[in-house]
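Student: The residues making up each chain are set out below.
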Amino acid sequence: MTATPDRIADGSYWPQSYTLGPIMSGEPCCVPKTLISVEGLSPSYSGKTALENVSLDIDGGCITALIGPSGCGKTSLLSSLNRLTDLIPGCRLAGRIRIDGEDIHGVDVNVQGLRRRVGMIFQRPNPFPLSIRRNIEMPLREHGMSRRSELDERIERALRDVGLWAEVRDRLDSPALTLSGGQQQRLCIARAVALEPSILLMDEPCSALDPLSSGIVEDLIASLRGRYTVVIVTHNLAQARRIANYAALFWVQNRAGTLIEFDQCRRLLEAPRSDITAAYVRGHRG
Amino acid sequence: MSRLDRDTRLLWSLSASAVLASGLLLLIVLFLAAESWPALSRVGIQAFFFGKGWHPTEGAFDLTPMLVASLATSTLAMAVAVPFGVASALFQRFYAPVLFGQIYLWIIVLLAGTPSVVLGLWGLTTIVPLILWLAPPGTSLIAGSLILSLMIMPTVALTTDAALAALPQSHWAGAAALGLSREATIINVILPSARASIFAGSILALARALGETMVVLMVSGNVVQVPTSLFDPVRTLTANIALEMAYATGDHRSSLFVSGLALAGLVLILAIAARRSGGHVVHA
Amino acid sequence: MPDVCVAPPAAYLHVRDTLLRAAVWSATLLVGAVFAWLLADLLGQGAARIDWSFLTSAPRNAGRSGGIAPILVSTLVVVVVAIAVAAPLGLATAVLLAEVVRRGGRTERLIGLSLDVLAGIPSIVFGLFGNAFFCIWLGLGFSILAGGLTLACMVLPILIRTAESGLRMVPNDWRFGAAALGLSRAATLWQILIPAAAPALLAGLMLGIGRAMAETAALVFTSGYVDRMPSSLWDSGRAISVHIYDLSMNVAGGDQSAYASALVLIVLLIMINSAAIWLADILLVRRIKMI
Ligand SMILES: Nc1ncnc2c1ncn2[C@@H]1O[C@H](COP(=O)(O)OP(=O)(O)OP(=O)(O)O)[C@@H](O)[C@H]1O
Ligand SMILES: [Mg+2]
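Residue numbers (the numbering used here), protein chains in the order written: chain Y, 1 to 286; chain W, 1 to 284; chain X, 1 to 291.
Mixed in with the good hints, there may be bad ones.
Ranges between beta-carbon positions, derived for each pair [as the list claims (entries may be wrong)]:
| # | chain 1 | residue 1 | chain 2 | residue 2 | range |
| --- | --- | --- | --- | --- | --- |
| 1 | X | R168 | W | L71 | 33 to 41 Å |
| 2 | X | N172 | Y | R266 | 48 to 56 Å |
| 3 | W | G23 | X | L181 | 30 to 38 Å |
Stretch-level coverage of chain X by chain W, calculated; a stretch enters the list once three of its residues show a Cβ under 8 Å from a Cβ in chain W [what the hints assert, rightly or not]:
| # | stretch |
| --- | --- |
| 4 | 14-24 |
| 5 | 150-160 |
| 6 | 210-217 |
Just so you have them, the derived chain W footprint on chain X, three or more residues with Cβ under 8 Å [stated by the list, open to error]:
| # | stretch |
| --- | --- |
| 7 | 35-49 |
| 8 | 71-84 |
| 9 | 118-125 |
| 10 | 128-139 |
Keep in mind that the hints were calculated from the coordinates and are not lab data. Just so you know, even glycine gets a beta-carbon here, dropped at the ideal spot from N, CA and C.
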């Protein structure tokens with residue numbers, strides 16, 4: 001029942017080989033294997049089902065795009081993956097989510113540890129009202145890192161990773177809220193990346209940005225491929241086509257979101273199997 | 001034509017009221033100054049701070065013990081009220097189960113509305129005997145501070161609560177997504193963001209404590225002395241006015257106005273500091 | 001998944017979290033307990049004395065026995081005088097601030113500053129001023145009128161500030177709409193702005209009444225101590241808060257009566273508050289229906 005896209009065994013879709021991120025460093029990998037496995041997930045808000053029985057396997061090291069019209073439950077799926085839904089009163093999850101084989105709703109799961117491993121970027125950049133440095137340093141400290149040299153090194157690396165180092169190296173101690181929108185979003189990505197997660201969830205990370213910043217962030221996301229497993233919600237099909245390996249299309253049926261099609265991104269966009277997908281993709285083209 | 005008349009009349013009466021309302025301050029200051037003048041001009045301002053004790057009938061007008069007592073009781077009260085007030089706001093917003101939090105908010109609002117004379121009465125009949133049992137005479141600096149802190153705690157709590165309510169929800173989502181615990185979020189994100197308002201609320205609370213009369217008059221013993229321990233009875237500036245106004249005449253009466261003027265000045269500086277700090281305060 | 005890069009949270013972080021949680025819970029439990037204690041004393045010591053005759057008879061034996069009828073009357077009259085003077089003055093000033101003068105302009109800043117200063121003055125200092133100005137300079141003596149006028153000065157800044165913010169909350173569209181219909185400013189004010197701001201005005205009024213009723217220090221040297229039934233505004237009259245103070249400080253064995261009076265005062269304050277909330281709700285609902 002689980003939707004699994006045809007693996008790219010021949011490498012035609014995905015030519016370059018890559019290695020998985022820091023946590024799983026070293027091991028070169030050409031054939032990604034399932035990292036996140038969702039089985040029969042149905043999140044509901046105060047009894048109202050937002051997503052109906054979704055099953056899919058997401059491959060490690062790849063970029064997976066979630067697309068579909070507004071209200072079809074993309075955000076709900078995304079925030080189920082790091083249990084951010086726990087924060088929403090009245091939100092219940094049915095089904096099972098396993099990350100690297102481990103059930104994230106298991107009794108012995110440390111939610112904070114889970115969220116450290118599964119970073120999240122929101123639609124609106126939300127840096128804390130602290131300095132640029134503190135925005136990255138504070139979560140690191142809270143996760144047990146306290147040596148100054150190590151912290152500084154980690155901050156610099158994260159900021160370099162998101163291409164922000166050159167822009168902010170002279171004003172690390174000025175408030176993060178003085179940065180531009182695009183810079184703030186990159187800071188948020190740096191903040192998540194500094195914790196060296198294995199998965200990054202992104203909820204329309206470019207939609208609040210101007211085209212230029214959006215382009216910069218998009219390139220940044222593409223460069224994360226292989227090092228992180230990225231699950232990204234986007235309304236921009238062209239963007240999905242440019243960066244995503246896989247795409248999942250959701251649709252509202254019977255007042256609840258449903259997974260319609262899950263496939264390699266290019267195939268989903270160019271040769272959709274479902275009529276709904278075809279119509280959605282065409283609508284966007286036309 | 002008649003419409004113009006009506007509008008002009010309206011404008012005139014509005015302006016007249018505004019002049020009256022803001023002229024009131026001038027009037028108050030003028031009167032306090034005029035009534036203080038005899039004492040100030042005859043004994044000089046330094047006599048109020050470096051004199052030989054407070055023996056107003058014999059021309060000794062040293063306010064120092066009262067000033068020290070006022071400052072001591074109210075800063076101590078603030079030191080107690082601020083942690084409790086902040087904790088109350090945190091509890092109400094982030095810890096309490098919904099119904100419980102609502103009830104707790106009610107308690108804070110009721111406390112805020114309790115007249116100070118009632119708090120004084122309660123302190124005199126319950127807290128003072130307890131302190132007497134610890135160290136006589138019971139009516140003391142510490143009794144005054146504790147009851148004052150009960151009085152001003154709601155100011156800090158409600159101000160902090162309003163500041164917390166104004167913070168964007170996205171802080172919590174952002175912090176949770178980074179795997180921060182609730183306490184880590186509070187310490188690193190929430191409290192720093194609400195700092196200005198907490199500061200403003202605390203200063204306002206201090207000003208209220210300094211200006212309060214009934215509580216300190218009723219529970220802190222009213223002995224003119226510079227306190228050497230928490231259990232010493234003290235007399236604050238406000239209590240001094242309330243106690244002696246009834247029979248004071250001449251320079252004595254005038255010297256009470258001097259202390260009133262000093263008190264008003266002190267409280268004003270604090271009120272302006274609170275406003276300038278940029279935090280939003282809730283008047284409770 | 002191996003966690004090689006970031007160490008597991010240090011133990012001290014866990015300890016810190018636990019301590020903070022414990023501190024918050026114990027602080028609030030303590031506040032709750034103190035409140036319960038206060039409430040228990042008020043009810044336990046006060047309720048027994050309260051009956052119909054307590055509310056309707058005069059105090060006897062310096063208040064140890066008898067009731068508080070004249071005291072209630074004095075309180076009521078003092079508060080009525082204060083509000084009758086302060087409310088129109090306050091409303092007019094608020095209208096000027098919110099509707100006439102330029103926001104952030106010199107006039108607004110000047111009036112605003114003097115209001116802030118007035119609001120910060122301790123009540124005992126109002127008592128001094130009231131005594132010097134109303135009692136002696138205007139020759140009103142220790143009287144309900146002098147006490148009421150002193151309280152009027154005290155609550156004026158509260159009334160102005162609440163009314164001002166209530167008026168500012170009225171959406172600008174309505175002002176433009178009224179102007180587009182060619183309404184005069186006076187008509188706009190009476191027909192649109194004041195009805196629209198009514199819930200806020202009322203809430204401010206109740207806040208002022210509550211403040212005036214709870215006041216003690218400003219009244220001791222203006223309306224005085226006399227606990228007889230006042231026969232005119234020029235009579236001295238003892239307000240209920242002054243009564244509580246006198247019973248607890250100057251009358252041995254007056255604690256029970258003091259608690260009973262305190263309970264009456266608090267119940268009155270709560271009633272006023274609830275009435276305000278209720279009225280504001282009604283006005284609000286009516287306004288929504290109108291739209
Ligand atoms: N906190 C909430 N409380 C109640 N219902 C919610 C909540 N969040 C989402 N929903 C409902 O769940 C459904 C799916 O919402 P979701 O936010 O997941 O959609 P989405 O695909 O992310 O939409 P968009 O593209 O607009 O962001 C919607 O019908 C929405 O009304
Ligand atoms: Mg969404």
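Student: If you count the residues of the stretch 14-24 of chain X with a beta-carbon closer than 8 Å to a beta-carbon of chain W, do you get 3 or more?
Tutor: holds (count 6)
Student: State whether the coverage of the stretch 150-160 of chain X by chain W holds or is violated, taking the criterion as 3 or more residues with Cβ-Cβ distances under 8 Å.
Tutor: With 4 residues close enough to chain W, the hint holds.
Student: At a Cβ distance under 8 Å, does chain W reach at least three residues of the stretch 210-217 of chain X?
Tutor: holds (count 6)
Student: Does the Cβ-Cβ separation between R168 (chain X) and L71 (chain W) fall within 33 to 41 Å?
Tutor: 37 Å, holds
Student: Test coverage of the stretch 128-139 of chain X by chain W using CB-CB distances below 8 Å; three residues minimum.
Tutor: With 6 residues in contact (Cβ-Cβ under 8 Å with chain W), the coverage given for the stretch 128-139 of chain X holds.
Student: CB of G23 (chain W) to CB of L181 (chain X), is that within 30 to 38 Å?
Tutor: 36 Å, holds
Student: With a C-beta cutoff of 8 Å, work out whether three or more residues of the stretch 118-125 of chain X approach chain W closely enough for the coverage to hold.
Tutor: Coverage by chain W holds for the stretch 118-125 of chain X (8 residues, Cβ < 8 Å).
Student: Evaluate the given range 48 to 56 Å for the C-beta pair formed by N172 (chain X) and R266 (chain Y).
Tutor: Because 53 Å falls inside the window, the suggested range holds.
Student: Establish whether the coverage given for the stretch 71-84 of chain X by chain W is satisfied; the threshold is a Cβ-Cβ distance below 8 Å, and no fewer than three residues must meet it.
Tutor: violated (count 0)
Student: Is the listed coverage of the stretch 35-49 of chain X by chain W valid when you require three or more residues with a beta carbon under 8 Å from a beta carbon of that chain?
Tutor: holds (count 6)
In summary, the structure is inconsistent with hint 8 from the numbered list given earlier, while agreeing with all the others.
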